[in-house]
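Undergrad: Assemble the whole structure, with the sequences as input and the hints as a guide.
Number of protein chains: 2
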Amino acid sequence: MRTPMKVLLTGANGFVARHMIEALRARGDATIGVDLAPTTANAPDRYAKCDLSNAAAVRELLATERPDAIVHLAAVSSVGHSWEIPAETFTSNTTLFLNLVEAVRALDLKTRILSVGSSEEYGIVPAVEQPISENHPVAPANPYAVSRVAQEMLSLLYAKSLGLDIVLTRSFNQFGPGQCENFVIASFVKQLLDGKARGETTVKMSTGDLSIVRDFIDVRDAVAAYLTLLDRGVSGEIYNVCSGTGHALSEVLATAAELVGVKTEVSVDPARIRPTDNPQIIGDNAKLRALGWSPRHTLKSSLADIIK
Amino acid sequence: MRTPMKVLLTGANGFVARHMIEALRARGDATIGVDLAPTTANAPDRYAKCDLSNAAAVRELLATERPDAIVHLAAVSSVGHSWEIPAETFTSNTTLFLNLVEAVRALDLKTRILSVGSSEEYGIVPAVEQPISENHPVAPANPYAVSRVAQEMLSLLYAKSLGLDIVLTRSFNQFGPGQCENFVIASFVKQLLDGKARGETTVKMSTGDLSIVRDFIDVRDAVAAYLTLLDRGVSGEIYNVCSGTGHALSEVLATAAELVGVKTEVSVDPARIRPTDNPQIIGDNAKLRALGWSPRHTLKSSLADIIK
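Protein chains in written order, with the numbering used here: chain A, 30 to 337; chain B, 30 to 337.
Hints were generated in silico from the structure; no laboratory data involved. Keep in mind that the hints are not guaranteed to be accurate.
Pairs count within a copy or across copies, as identical chains cannot be separated in the list.
Calculated lysine to any residue pairs in the SDA-like style (CA-CA distance at most 25 Å, straight line) [to be verified]: (1) Lys316 - Ala168; (2) Lys292 - Ile153; (3) Lys225 - Pro206; (4) Lys78 - Gly273; (5) Lys189 - Gly109; (6) Lys35 - Ser82; (7) Lys189 - Ala168; (8) Lys329 - Asp238; (9) Lys189 - Thr120; (10) Lys189 - Pro299; (11) Lys189 - His165; (12) Lys189 - Ser121; (13) Lys189 - Pro166; (14) Lys316 - Pro166; (15) Lys189 - Gln309.
TA: Shown next, in the form of structure tokens:
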């Protein structure tokens, strides 16, 4: 029988943490949530208040908790917002991560760290080179992506040269129940449901570029991947966390509208077009599948769950 | 006739700054030196005291000075030391750089920034792929190198997407008169001269791994390259600053010993062996040569100047 783990989650108030805490609890692991302002929303076993930008506070936290694993979800994670605050995005994301690994190193803990990165690290990749495998060079084209590549370089350094136990992900676009409406699918669904609630049969939508293709992965599949990586991932290795399938935003919108039972009339909002938007990102998940994981949700079944 | 520039140098008390200030003055440019503790050693036209880790102070400095160019030399620049303070190295090097570019952006200055990077960014490259051109992928293998790759990614972002005028270098091992004895060639010369001063005909040397091959470039050639890049470099482009020739440390030591007129007896100090030392780094300087620059010093003539 597997020995239950004590897992510390940063960014514990967030969307992914909510699902990660549920999944960890379901298999008997203990969860400690860390965030700036504890709420009871995601209900880990216990909250620990800690400002992760404070190195001394992080060290004190880890000296007390000595977790078996850290799932590092705290981050400035919006690409759009990162253009407004490029320096802050970079500094915040790298500093939080460095404070964690430096504390683990100073305390000589055996803690496994899940360093969550992003498909944005790949930058703009020609369609013929997709699906993108982990061996593809990175070419970050926005401030958020740059911060993630930096975190990744630091992860590899701390894992390979400084002996820490760090498993890395490049996580593609996660979506699912409970996501903040700043994210595209949640925004679509909200606009559709609001329109329907107002009795509209055709909903006027304000969107960004709908031709963009993304590899959307249901957050529950992503969380299952994170559990697999905590259990069987190899330290110093990077794993794409993705569905392996691309969908244009126009297809996502059409599927969601069909499920809600409305038609749509789209107007593109220039404010939602980003300086360097990426036409297509589809990932190759063979490396993760080789560990025994596979996705269980489809775009349509996930959208149905969100709408419900 | 060329209009003289007003050039702000960070790390103004350092070894490279000393030579850069001389070269700028020789062609009639104005120099403003910035460092934590102004000394008169390198004698720029004027010192401005500024803690570059303080974003508000940097913005105030640039609002007052409005330089035509910034030569950013301030950095934690020792690979060996970076293993002792990996997080500090990363944070310090990236924060100083971000404070500069954010100030230039906020003030909407047209300032050209020279973002100095390092050959260490390439990591361990098979000998058959050398000399290394700028198109070779980076693979930083020590904390200093990671900080430089991060600075480079930020430079490309600010140049290409945020419109700043930034020319990038990957500078190989610079050496020459006035270098601190923590650096390998200066350390060799000092040990040889000290031995000779004590009347020894055979000098006992404490060294690191002498089989290591590096592309040593005379600091005066590097500084001439930096002037070329300030004048004719293309924003958002990366230039190797290197001699194009590799020398083993054993060859450097033998040449220096011959010039000093002593024999050597070498013992390897394990403390000088680094966790992941790089057997060979030789750069390709064709891109910089295409701008009209070429090196004027040889290993032997440079060593003779240092010894003198």
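Undergrad: Compare the structure with each hint and give your call.
TA: Tested hints:
Taking the shortest Cα distances, Lys316 and Ala168 sit within 25 Å of each other both inside one copy (21 Å) and across copies (21 Å). In this homomeric assembly, Lys292 and Ile153 never come within 25 Å of each other (Cα to Cα): the closest approach is 32 Å inside a single copy and 57 Å across copies. Taking the shortest Cα distances, Lys225 and Pro206 sit within 25 Å of each other inside one copy (19 Å), while across copies they are farther apart (76 Å). For the homomeric pair Lys78 and Gly273, neither the shortest alpha-carbon distance inside one copy (37 Å) nor that between copies (54 Å) is at most 25 Å.
Taking identical chains as interchangeable, the C-alpha atoms of Lys189 and Gly109 lie at most 25 Å apart only when they sit on different chains, with a minimum of 17 Å there against 33 Å within one chain. Taking CA atoms no more than 25 Å apart as the test, Lys35 paired with Ser82 passes inside one copy only; the shortest distance there is 22 Å, against 37 Å between copies. In this assembly of identical chains, Lys189 and Ala168 lie within 25 Å of each other by CA distance both inside one copy and across copies; the values are 22 Å within and 13 Å between. Taking the shortest Cα distances, Lys329 and Asp238 sit within 25 Å of each other inside one copy (21 Å), while across copies they are farther apart (60 Å).
For the identical chains of this complex, Lys189 and Thr120 are neighbours both inside a copy (23 Å) and across copies (20 Å), given an alpha-carbon limit of 25 Å. In this assembly of identical chains, the alpha carbons of Lys189 and Pro299 lie at most 25 Å apart only when taken from different copies (21 Å versus 44 Å within one copy). Taking the closest pair of Cα atoms, Lys189 and His165 come within 25 Å of each other both inside a single copy (20 Å) and across two copies (22 Å). In this assembly of identical chains, the alpha carbons of Lys189 and Ser121 lie at most 25 Å apart whether taken from the same copy (24 Å) or from different copies (22 Å).
When the C-alpha separation of Lys189 and Pro166 is checked against a cutoff of 25 Å, the pair qualifies both within a copy, at 19 Å, and between copies, at 19 Å. Both within a single protomer and between protomers do Lys316 and Pro166 lie at most 25 Å apart by alpha-carbon distance, with minima of 16 Å and 22 Å respectively. In the homo-oligomer, the alpha carbons of Lys189 and Gln309 lie at most 25 Å apart only across protomers (20 Å), although the nearest pairing inside one protomer, at 32 Å, exceeds that limit.
The structure fails hints 2 and 4 (numbered hints given earlier, in ascending order).
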